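*Asks:* Residues per chain, in single letters:
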Amino acid sequence: MNWAVITPLIIFLFIIFAVGFWSNKFVLKSNSFLEEYFLGERQMGGFILAMTMVATYGSASSFIGGPGVAYTQGLGWVLLAMAQLATGYFTLMVLGKKFAIISRQYKAITLIDFLKNRYHSKTVVLLSAASIIIFLFSSMTAQWIGGARLVESLTGLPYTVALLIFAFSVLVFVIVGGFRAVALTDTIQGVVMFMGTLILLIATIKAGGGIPRIIADLAAENPNLISPFGAERTLTPAYVSSFWILVGIGVVGLPQIAVRAMSYKNSKAMHNAIIIGTVVVGFIMLGMHLIGVFARPVLPGVKIGDTVMPLLSMKVLPPFVAGIVLAAPMAAIMSTVDALLILVSSALVKDVYLNYIKPTASDQQIKKVSFSVTAIIGVLVILLALSPPDLIIWLNLFSFGGLESVFIWPVILGLYWSKGNKYGAITSMILGMSSYIIFDRFYPNPLGVHTVVLPILISLAGFVVASMFTDSKASSLGLEK
Amino acid sequence: MKDKRFKIAHREALIGVVLVVINFVWWYGFAYGLGSKKVEDYSYIFGLPAWFFYSCIAGFVVMIILVSITVKFVFKDVPFEEKERNTE
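Residue numbers (the numbering used here), protein chains in the order written: chain A, 653 to 1133; chain B, 384 to 471.
Simulated from the structure, these hints should not be mistaken for laboratory data. Misleading hints may appear alongside valid ones.
Which residues of chain A face chain B? A partial, calculated answer using Cβ under 7 angstroms [said to hold, decoys possible]:
hint: 1; residue: N654
hint: 2; residue: M745
hint: 3; residue: G748
hint: 4; residue: A752
hint: 5; residue: I753
hint: 6; residue: I857
hint: 7; residue: K858
hint: 8; residue: G861
hint: 9; residue: I863
hint: 10; residue: I927
hint: 11; residue: I928
hint: 12; residue: G934
Which bits of chain B does chain A cover? Going by a derived footprint, with three or more residues having C-beta under 8 angstroms, they are [claimed, not checked]:
hint: 13; region: 387-393
hint: 14; region: 400-409
hint: 15; region: 417-426
hint: 16; region: 429-436
hint: 17; region: 449-458
Computed from a predicted model, the values in this text were never measured in an experiment. All C-beta atoms in this analysis are idealised placements derived from N, C-alpha and C, irrespective of residue type, glycine included.
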């Protein structure tokens, strides 16, 4: 084992634990357990809000998968990754103040609370809870596997041990600390991600002999690597542009992101978060993917894309610094998993248990149920990750685009279109999800754009047509006009 | 009853959409406008191909500036908590 690399990782874990236990004090003394545990009592300031959004969004793929593809595809993939710059400002601007005001009026703690109060429909609630539980559960498992593989490759520990270490560290702070612990650790993790990107980018440029030299080496190997079209000229403008939907504006529909847009303190926090979030998300995405491309002349002949980032760090940095940089992907995975864990738990406790199983539960009961549900989900995920069933892998493929297709219109049109009603929402959710799965299975990337584009348009049409067609009783909520 | 805060909220959401359109046009225009040439004919800025520099690096900086200006000068502070009931 390489202790110089591992020491920074262990220090990092201890800091995370400390934050978890510190947050537990708030959970224990809070007057409103649910709002504290699942939303941190809407007390997030601008910096924390920005960081928790960036860290939740930035996952294994930003630090491991993405740079790996950039290594093979060249600058065209960095161009594609820059579609994510929009997530920094678009989500908060569009959900924005209206979402913050209305979710306070509704006293909504989860995204589903909002939908429930907006549409007054049990079907909408159950469909949303089901999509969140099924899809986020599987994507959580996938991230968990990624985290364990990373620990495995860094420490040389066997996969099972690596998984248990990784899972245990996440579970402890999420169970005891709730949303506040998640947001605070996200902030630390976001800073680690930012610093890691900066250090590795500088070291890689230095190792490659400066940018002009690296670009010349790339062009000499294959001129397409420095074109926007990818190494084999397969990245068409239509395909690359369609990622603006998948990883840019569609992100508004991801429940783990949307719930953060109801967690902030005041409009000042939101304003600051928009600026900080844009800078940080843009820098991390630009930096990490550029690192992937620049790694090519420095570290030629890597076969498995996912290993580019760890191998590069070990090669261009002194071991202790490599440890700090490699804490970044670990942080990215942890901060995604913790957000998903608390969200799935809130869907079960708040949206299913309290709505339909035991609405009269006492505070003490709710506390017990929340802690144990979070723990049980965590343990279940560990069991699944030990020998992942094919179904989980399969479902995970849909979770990003699938959730976007389900939630984007019920949320957006629910906020901004007073005529939207529950029939529209139900139609749009069912159409969005099923058309996404069907396109993905039978006709991926139709018309040369990413699979997600058509289902989002179909669910929009479904929402509008069904709402107009049905009696608009449900719309008289005074949301608009 | 109409809530004045919503007028501000609607305007700001619309600004978000406008910004994303500007962002996209800038990104697309420079990337494929300059990048579609033959690679031998590329010009370079700070060692990077011009299309990449303008589309991704300058585009990033421009968006930070635009977003900051909008947020600082156009966006308005509104209270989120209820002082009185605004809806029925």
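*Asks:* Among all the numbered hints in the text so far, which are the ones the structure does not match?
*Replies:* Hints 1, 6, 7, 8, 11 contradicted; others consistent.
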